[in-house]
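The listed protein sequences correspond, in order, to chains B and S.
Numbered by the numbering used here, the letters in the first sequence go through residues 1 to 255 in order.
Numbered by the numbering used here, the letters in the second sequence go through residues 1 to 330 in order.
Source of the hints: derived by calculation from the structure; they are not laboratory data.
There may be inaccurate statements among the hints.
Said to hold, decoys possible - To give an idea of the chain B side of the interface with chain S (calculated C-beta under 7 angstroms), a few residues:
1) Met1
2) Ile65
3) Lys66
4) Glu165
5) Phe185
6) Gln196
7) Ser200
8) Leu202
9) Ala223
10) Glu234
11) Leu235
12) Lys250
13) Leu255
To be verified - Listed next, with one range per pair, are the computed distances between beta-carbon atoms:
14) B:Arg190 - S:Asp310: 45 to 55 angstroms
15) S:Pro198 - B:Thr205: 48 to 58 angstroms
16) B:Gln196 - S:Glu125: 21 to 31 angstroms
17) S:Val202 - B:Asp148: 35 to 45 angstroms
Said to hold, decoys possible - List time: in silico DSS-like cross-link candidates among lysine-lysine, alpha-carbon distance up to 30 angstroms:
18) S:Lys206 - S:Lys37
19) S:Lys15 - B:Lys153
20) S:Lys15 - B:Lys250
21) S:Lys15 - S:Lys61
22) S:Lys171 - S:Lys265
23) S:Lys61 - B:Lys153
24) B:Lys104 - B:Lys153
25) S:Lys286 - B:Lys250
26) B:Lys250 - S:Lys46
27) S:Lys293 - B:Lys250
28) B:Lys18 - S:Lys323
29) B:Lys250 - S:Lys320
30) S:Lys222 - S:Lys293
31) B:Lys250 - S:Lys323
32) S:Lys293 - S:Lys323
33) S:Lys171 - S:Lys222
34) S:Lys206 - S:Lys171
35) B:Lys217 - B:Lys18
36) B:Lys250 - S:Lys37
37) S:Lys320 - S:Lys206
38) B:Lys18 - B:Lys81
39) B:Lys217 - S:Lys37
40) B:Lys66 - B:Lys81
The model shown is predicted, which means the values in this text are computed figures rather than measured ones.
Yeah, the Cβ is synthetic: ideal placement off N, Cα and C, and Gly gets one too.
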Amino acid sequence: MNIVVCCKAVPGLVTDLKIGLDGRSLQYQGQLLSINECDEYALEEALTLKRAHGGQVTVISMGGIKVQDVLYYALAKGADKAVRVDCESQDPRVASAVLAAALKKLEFDLVLTGTQSRDTLGGQVGIAAANLLGLPFAYAVVDVELHDNNAVKVRKELGGGRYAEVELALPALLCVQTGIQPLSFVPPARRIRARQQPVSSLSPTDLGLPADQLVPKGYRFVAVHPPERTHQVELLQGNRQEIATALLAKIQESL
Amino acid sequence: MARDILVLVEHAEGKVDSITSQLLTIGHRLAEQTGVKLVAAAIGHKLDSVAAAVQDSGMDKIVLVDDPALALAPAEVQAHVIAEVARQIDPCLVLIGYNLVGMELTPAIASQLGMNAFTNCVAVEIRDDAVTVTRPLFDSTIHAQIVLEENATAVIALQKGSFPPLETSSKQATVELVSVDVTSIPSRSRVVGIIEEPRGEVDIAKAEIIVAVGRGIGNEEKIHFTAELAEALGGVLACSRPVVDMGWLPRERQVGASGKTVTPKIYVACGISGAIQHLTGMREAKRIIAINKDPNAPIFQVAHVGVVGDLFEIVPALTKAAKEARVRQD
Chain B
1 MNIVVCCKAV PGLVTDLKIG LDGRSLQYQG QLLSINECDE YALEEALTLK RAHGGQVTVI
61 SMGGIKVQDV LYYALAKGAD KAVRVDCESQ DPRVASAVLA AALKKLEFDL VLTGTQSRDT
121 LGGQVGIAAA NLLGLPFAYA VVDVELHDNN AVKVRKELGG GRYAEVELAL PALLCVQTGI
181 QPLSFVPPAR RIRARQQPVS SLSPTDLGLP ADQLVPKGYR FVAVHPPERT HQVELLQGNR
241 QEIATALLAK IQESL
Chain S
1 MARDILVLVE HAEGKVDSIT SQLLTIGHRL AEQTGVKLVA AAIGHKLDSV AAAVQDSGMD
61 KIVLVDDPAL ALAPAEVQAH VIAEVARQID PCLVLIGYNL VGMELTPAIA SQLGMNAFTN
121 CVAVEIRDDA VTVTRPLFDS TIHAQIVLEE NATAVIALQK GSFPPLETSS KQATVELVSV
181 DVTSIPSRSR VVGIIEEPRG EVDIAKAEII VAVGRGIGNE EKIHFTAELA EALGGVLACS
241 RPVVDMGWLP RERQVGASGK TVTPKIYVAC GISGAIQHLT GMREAKRIIA INKDPNAPIF
301 QVAHVGVVGD LFEIVPALTK AAKEARVRQD
């Protein structure tokens with residue numbers, strides 16, 4: 001079974017956040033990019049399925065050259081191939097169009113990705129791409145079973161401790177939930193070796209996307225700021241004993 | 001903005017989800033401010049009780065697609081039906097709840113309609129005659145305000161709990177039955193069944209005092225700090241999702257969208273940053289105490305009492321104080 005894993009490269013600490021000149025993008029000083037945690041679980045699930053059923057795991061990420069680090073990390077974890085799509089957009093409509101076009105260039109039975117990225121917290125691109133490609137999809141998947149090489153049976157969360165079991169014909173796209181597999185540790189030596197593996201790249205021209213599909217439309221950012229406090233939190237100060245005493249008093253008066 | 005506002009009614013087993021009343025309240029306000037109609041839509045099977053439950057919520061019309069094939073339909077079929085209903089109504093805005101159901105359906109509906117979708121929103125309002133949404137970014141440490149351009153359409157998925165509850169209205173909505181040929185929708189998936197999580201040994205939903213531990217605890221060996229606090233306070237230990245994902249505590253202890261919703265008298269959050277998925281499950285607690293070293297952690301958005309500091313200093317000190325108080329009481 002051939003699996004494509006979509007991994008987003010996300011910044012850690014973000015500073016100096018500003019709205020871009022076009023009003024539809026955000027600019028910031030993003031320090032090191034690392035693999036989006038939700039997507040790392042998708043990668044682990046893909047590698048687990050590969051160990052059980054064979055096939056190849058291809059990891060794909062979208063962005064500039066800095067994204068390559070995330071692809072090398074995925075190769076070090078055990079992915080067979082890496083593809084970088086040379087296109088930067090945080091707009092879900094643009095990103096899903098680009099991702100769908102890139103997936104069309106690859107052979108796969110299954111596409112895995114995470115539930116959301118920690119930077120935009122959108123959770124849209126996987127399913128929107130599935131819709132553009134006409135693939136069946138499932139979100140917040142906690143268990144994947146392969147059936148006769150032409151279907152998967154998955155368990156997905158409905159919330160509040162309820163789950164649905166869904167059967168999807170392959171090819172299909174799954175957004176896997178965190179915790180589906182334990183995250184594996186990658187020894188530094190493997191990470192260094194992985195940097196010698198080739199990473200192929202696709203440009204928007206390679207994908208043949210019309211220019212108007214690469215531009216966000218219909219909205220603009222007007223402000224970015226820390227969340228407004230909707231209610232006042234009472235912050236306790238003092239040494240640890242004073243805080244403990246005050247906290248205990250707060251607890252006792254609430255009972 | 002002459003086109004209607006469409007609210008998607010979420011329901012399970014004949015009961016309307018509480019997020020729907022929040023969506024209707026906000027949809028009603030937007031419709032009044034902009035002088036358009038509010039339309040609700042529900043899809044499923046045997047929708048009489050669903051329609052009755054929301055009919056007096058101030059909308060002008062409720063559209064029902066009632067079909068046995070929708071009783072247990074996969075997401076791709078549901079999204080298709082909702083998109084078809086939306087095409088007939090041709091709304092400017094589609095409001096949907098941002099829970100696990102909405103997370104799956106929103107991108108598919110928006111993609112089918114060729115609309116922008118804004119997920120995870122904490123607010124949608126009219127500012128300077130423009131539809132403005134507020135949504136979190138970067139682990140919820142930042143909020144972005146986004147203005148829709150004039151005549152732009154969008155699917156807006158709203159978080160639970162950020163809006164006042166529904167006011168009932170004397171206006172009774174007209175009910176319109178719409179039929180969609182569900183069986184002809186191309187579908188390559190099917191729902192096999194629905195499963196309820198088996199009950200574990202503790203039911204955190206019943207506890208009056210909860211001490212909850214998050215990723216900030218660092219590793220499994222340190223969980224005992226919070227377990228001891230729970231015991232000293234006579235409460236139970238719960239946790240956020242990453243703690244379960246790491247295998248440090250069993251799933252039955254998880255609070256949040258995919259775990260349990262809890263409403264204890266006291267909720268002490270230790271090292272929990274407060275991702276929306278967690279807040280959804282605990283924001284209704286009577287008193288929320290948060291201990292976190294990051295003053296910008298979103299948990300302080302819902303906490304009543306906060307301590308910005310090292311949980312390894314505060315938690316043992318609180319445990320000691322609680323134990324001493326118990327001794328004095330005895």
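Inset, instruction - Run the structure past the numbered hints and jot down the numbers of the failing ones, going up. - result: Hints 1, 2, 3, 5, 6, 7, 8, 14, 16, 18, 20, 22, 23, 26, 28, 33, 34, 36, 38 are the ones this structure does not satisfy, whereas the remaining hints hold.
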